[in-house]
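Engineer: From first to last, the protein sequence lines are chains A and B. In this text, residue positions in the first sequence follow my numbering: the first is 1, and each later residue adds one. In this text, residue positions in the second sequence follow my numbering: the first is 1, and each later residue adds one.
Calculated directly from the structure, the hints in this document are not laboratory data. Just to be clear, a hint being listed does not mean it is correct.
Because identical chains cannot be distinguished in the list, a pair is counted as satisfied if it fits within a single copy or across any two copies.
As the list claims (entries may be wrong) - In silico BS3-like cross-links for lysine-lysine, where the CA-CA straight-line distance does not exceed 27 Å:
id	residue 1	residue 2
1	Lys-109	Lys-179
2	Lys-25	Lys-181
3	Lys-109	Lys-62
4	Lys-25	Lys-4
5	Lys-8	Lys-120
6	Lys-179	Lys-25
7	Lys-62	Lys-179
There are 2 protein chains.
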Amino acid sequence: MKDKIPNKTIERIIQYRRCLEQIQKEGRSHVFSHELAAHQRRSSAQVRRDLMLIGYSGSTSKGYNIANLIQTITHTLNDQEGLRVVLIGVGHLGKAILSYFNAGRAKIKVVAAIDADSQKFGRVISGCPVSPPEQLEQILLKQTISTAILTVPAAAAQEVAERLVHEGIRGIVNFAPVKLKLPPFIHVEQVDITTLLEKTAFMARPKTIT
Amino acid sequence: MKDKIPNKTIERIIQYRRCLEQIQKEGRSHVFSHELAAHQRRSSAQVRRDLMLIGYSGSTSKGYNIANLIQTITHTLNDQEGLRVVLIGVGHLGKAILSYFNAGRAKIKVVAAIDADSQKFGRVISGCPVSPPEQLEQILLKQTISTAILTVPAAAAQEVAERLVHEGIRGIVNFAPVKLKLPPFIHVEQVDITTLLEKTAFMARPKTIT
Chain A
1 MKDKIPNKTI
11 ERIIQYRRCL
21 EQIQKEGRSH
31 VFSHELAAHQ
41 RRSSAQVRRD
51 LMLIGYSGST
61 SKGYNIANLI
71 QTITHTLNDQ
81 EGLRVVLIGV
91 GHLGKAILSY
101 FNAGRAKIKV
111 VAAIDADSQK
121 FGRVISGCPV
131 SPPEQLEQIL
141 LKQTISTAIL
151 TVPAAAAQEV
161 AERLVHEGIR
171 GIVNFAPVKL
181 KLPPFIHVEQ
191 VDITTLLEKT
201 AFMARPKTIT
Chain B
1 MKDKIPNKTI
11 ERIIQYRRCL
21 EQIQKEGRSH
31 VFSHELAAHQ
41 RRSSAQVRRD
51 LMLIGYSGST
61 SKGYNIANLI
71 QTITHTLNDQ
81 EGLRVVLIGV
91 GHLGKAILSY
101 FNAGRAKIKV
111 VAAIDADSQK
121 FGRVISGCPV
131 SPPEQLEQIL
141 LKQTISTAIL
151 TVPAAAAQEV
161 AERLVHEGIR
171 GIVNFAPVKL
181 KLPPFIHVEQ
191 VDITTLLEKT
201 AFMARPKTIT
């Protein structure tokens, strides 16, 4: 059943939950679909459709019960215990991501980092120990991690990704500027910050008369 | 003329250039469209179409001259002098991005950072000085910067983005988990790392029999 939820719906319900947590912090207990929709710049119909897909429908007079809805989403995503992920490649971006996610955020925690540089072995960065590639298998088995963040150089990304898949990783967020070629059952999200920035700079360039 | 190049083509030619630079480092002078295509997991026809759009066509017997093609792309993007961008919000992610882009990368340089925390004023992080919001206008004028990286908390993002647009920024790479509402002539790229990671973890979760 859960597998029938479209990819894009998953992305939106994650965003709804974040939004619900914000509204809850403001001291409110209920919220209308049109409010959630406005927050996310979507239509109310879309919000209602997405929530129906995870088996939720709210009272129309008072709106959705925020606490209940957060619980339903969390149950659907099955991440109430937080997400434990492994990071591969402890360079500048890798360290940055360690510091970003391990700085008190509850839901995502990078519990292990791998780097090929022996000078980094045994170091603890943002609460996360750095281990050599040989220990990958053992780490994944012990902690049942199925998601990896890939922050290795472009030239190494494909090989490392194949190794990760071989060791049981099923989802990769890839920051290396390389399109990975992996089996279709592996979920890959590509984050190419450099390209996005270069593209934005091009779109934003001052227009000159030529 | 340049404004007629589709958004997606711009993104691809940025990726072709990076790929060309890699191939050049391997000591080669020419490359075929099908090789570039294979690198990027696209079709040769797409590569040829994209390069024709920027007015480039290669010799069919030897392929494209790599140095020439890099030059043409750089001329099209008009970024041979490097891209100077401003970063708003020097928290964990902001610092991470400063360290990532200012660590010897040639094309993109974060030349100014803004933060509302007075304890950060005057500090230099990864070679970039941190200034108070009041100095934004002056900084943008002096250095003709039209692109900003937004790494402020979600609650502040919309207000800060409006201020940036008011001060002349035309392109924003937004890392705050908030959809910005800005005039249509502003180019916004959204990078929501947390959502991508939560989504990937969901897609990669171990399947259980229920």
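Engineer: If a hint holds in the structure, say so; if it doesn't, say that too.
Structural biologist: Against the structure, the hints:
1. Lys-109 x Lys-179: both (25 Å within a copy, 25 Å between copies)
2. Lys-25 x Lys-181: between (42 Å within a copy, 23 Å between copies)
3. Lys-109 x Lys-62: Classified as neither; 35 Å inside a copy, 50 Å across copies.
4. Lys-25 x Lys-4: neither (32 Å within a copy, 46 Å between copies)
5. Lys-8 x Lys-120: Answer is neither; intra-copy 38 Å and inter-copy 39 Å both fail.
6. Lys-179 x Lys-25: between (40 Å within a copy, 19 Å between copies)
7. Lys-62 x Lys-179: Intra 47 Å, inter 26 Å, cutoff 27 Å: inter-copy only.
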